[in-house]
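Undergrad: The residues making up each chain are set out below.
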Amino acid sequence: MRPTCVDKVFELAARDPRVAYIGSDLDPPLVKRMKQEMPGRAFMEGVSEQHVVGMSAGLAMEGFIPYVHTIATFITRRCYEQVAVDLCLHNLPVRLIGNGGGLVYAPLGPTHLAIEDIAIMRALPNMTVVAVCDADEMKRFMDQTLDWPGPIYIRLAKGFDPIVSRPELGFAIGKAIVMREAAGRDRVLLVSTGVATTRALDAATTLAAEGIECTVMHMHTIKPLDTEALLYHAASARLIVTIEEHTVVGGLGSAVVDTLIEHLPGALPSIKRLGIPDVFAHKYGSQDQLMELYGLQPPEIAQTVRDGLQRRRAA
Amino acid sequence: MANDIVSAARHEASPRLDDRSIALRRLVVRALDGGGRGHVGSSMSLIEIMRVLYDDILNYRADQPDWEERDRCILSKGHGCIAQYVMLAEKGFFPVEVLDTFCRRDSILGGHPEAEKIPGVEASTGALGHGLPIGVGRAMGLRMKGSKARVFVITGDGEINEGSVWEAALSAAKHRLSKLTVMIDYNKIQSAGPTAEILDLEPLADKWRAFRFAVAEVDGHDIGALRRVLQNLPVEADRPTAIICHTVKGKGLSFAENDPGWHHKSSIKKEVIAEMYGALEVL
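So the protein lines, in turn, are chains S and E. The number in the working numbering is simply the position in the first sequence, starting from 1, with 8 added. The number in the working numbering is simply the position in the second sequence, starting from 1, with 631 added.
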């Protein structure tokens, strides 16, 4: 996903002179490639995220479309005021590419885990927040970033994630994709974003074998949230489970619940939000191991659905 | 040696404010009166800097604020905005009467400047340390477009406590942005007290030199000195310029000069406004 995203920036730059690329302190081969493929429009600016975001705002004010690329924690936490004021207040078309959203950097510990990036980016007016599920979807998404108004936060996953997206389902920023649709009413609705969608699909397959039909809605754009699609599918669901590789505070689950409370008063189905609890990760290991720890792998998702249905029956 | 220059510039008496500088300060008081509040000292120290920029240096068209070839003037110390509002009004970006609406609910003129609302304002500032990174990006963008336009960023002294300023300084020097000039309104008093006590900036000129800027120091109330340095930019080829403007906080209001208590007032009564006009009267 990361190489695909960067490849797409170079491809977009080749066909649009407005595209610029700014990295902070990324890998040496990338610097070499920048000089060859984007001379004069690509910059490696060092470990200075506050400056880099301000500089990207200045470039955008002069008509450029800067793609700013560094590790997700640093491009969100470190320069939050610059993102808020320089990008969002001015509503500039800067694209923030955050490497390793979620638990990708598990072995490097909590300083490198972007577990609240979606929450803090989504809180900013004018910001668009996107977490695609695989490299193929990244290609379809990146083509649409050229002319999207305002800033975009692009959350990258680990890379080499299984391809689960399907071209025939298309892609539009702000439009959820139903990856699997359960037949009939009284269904279970799984709403997921990023690579959590891959896990949600696996869980849905397991559950289908047990006779539990799930619709899987891939909410690649967390902001603006596809309220229409969410409400349509939520209206016929008996249980909704949101799944995200992100804290349960303020992310996809919160966005979904906020929307449902606002629009389905008195008719709310059972809802369970799966995500990282309100803690800094206290273990290392791998992304998969931490996702398992926090109940975000397919077996834990499936069990959450079974438990939810059982509680509902008991009630 | 740099310290000697700083010291000399600090102790030399500024030339007497001329009629135009006094008239501009009267417009500042008019805005303070309109809003019943405002950053008094921070605006008064900036007047001559903004006056020379808009009178003699900047290329702009008041009737076409987004004219592509204009010089970009970014007031990074956004809290000193009344000094810029006064110049923009005087030059016809908007009517002078708009100054009376300062900080009022439906005004375009807030307590910090917003680019979306005010013709002639290049960037919304107020949070400190944002102007120079933006200025670097604009200077780079202009160069990429082959433009001859220049970029001026005006910072405060307390403002350059912010690390983002120095991140941007590294980048400006790396890219040899000779069309970028940063002007530091060095009145030596930040909100909580003297800069020397809060977070000492000295040796300030040496710091900018160490960051590979060409440096000039001027009396920031001396019109002739400001003109001379600004009309001869860049100070060194292939380098960005830092102009350290030695100023007096609250300049022109004898009772407010060098008093941190006049950095900002959230309520200014009519009798205080009268005292301000009175102080300007006797200059």
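Derived by calculation from the structure, the hints in this document are not laboratory data. Everything numeric in this text was worked out from a predicted model, so none of it was measured. C-beta: ideal position from N, C-alpha, C; glycine also. Accuracy of the hints is not assured; some may be wrong.
[As the list claims (entries may be wrong)] Label pairs and their calculated CB-CB ranges:
1. E:I904 / S:G274: 44 to 50 Å
2. E:G824 / S:A131: 31 to 37 Å
3. E:D837 / S:T119: 31 to 37 Å
4. S:I181 / E:K748: 52 to 58 Å
5. E:S645 / S:V55: 47 to 53 Å
6. E:K900 / S:V287: 32 to 38 Å
7. S:A131 / E:D731: 48 to 54 Å
[Stated by the list, open to error] Far from chain S, by Cβ distances over 10 Å, these chain E residues were calculated:
8. F725
9. R735
10. L773
11. M775
12. G794
13. S795
14. S802
15. G892
16. V913
Undergrad: Hint by hint, say whether it matches the structure.
TA: Status of the hints after comparison with the structure:
no.	hint	verdict
1	E:I904 / S:G274: 44 to 50 Å	57 Å, violated
2	E:G824 / S:A131: 31 to 37 Å	34 Å, holds
3	E:D837 / S:T119: 31 to 37 Å	34 Å, holds
4	S:I181 / E:K748: 52 to 58 Å	28 Å, violated
5	E:S645 / S:V55: 47 to 53 Å	41 Å, violated
6	E:K900 / S:V287: 32 to 38 Å	52 Å, violated
7	S:A131 / E:D731: 48 to 54 Å	36 Å, violated
8	F725	20 Å, holds
9	R735	21 Å, holds
10	L773	6 Å, violated
11	M775	6 Å, violated
12	G794	7 Å, violated
13	S795	4 Å, violated
14	S802	6 Å, violated
15	G892	27 Å, holds
16	V913	41 Å, holds
When each numbered hint is compared with the structure, violations occur for hints 1, 4, 5, 6, 7, 10, 11, 12, 13 and 14.
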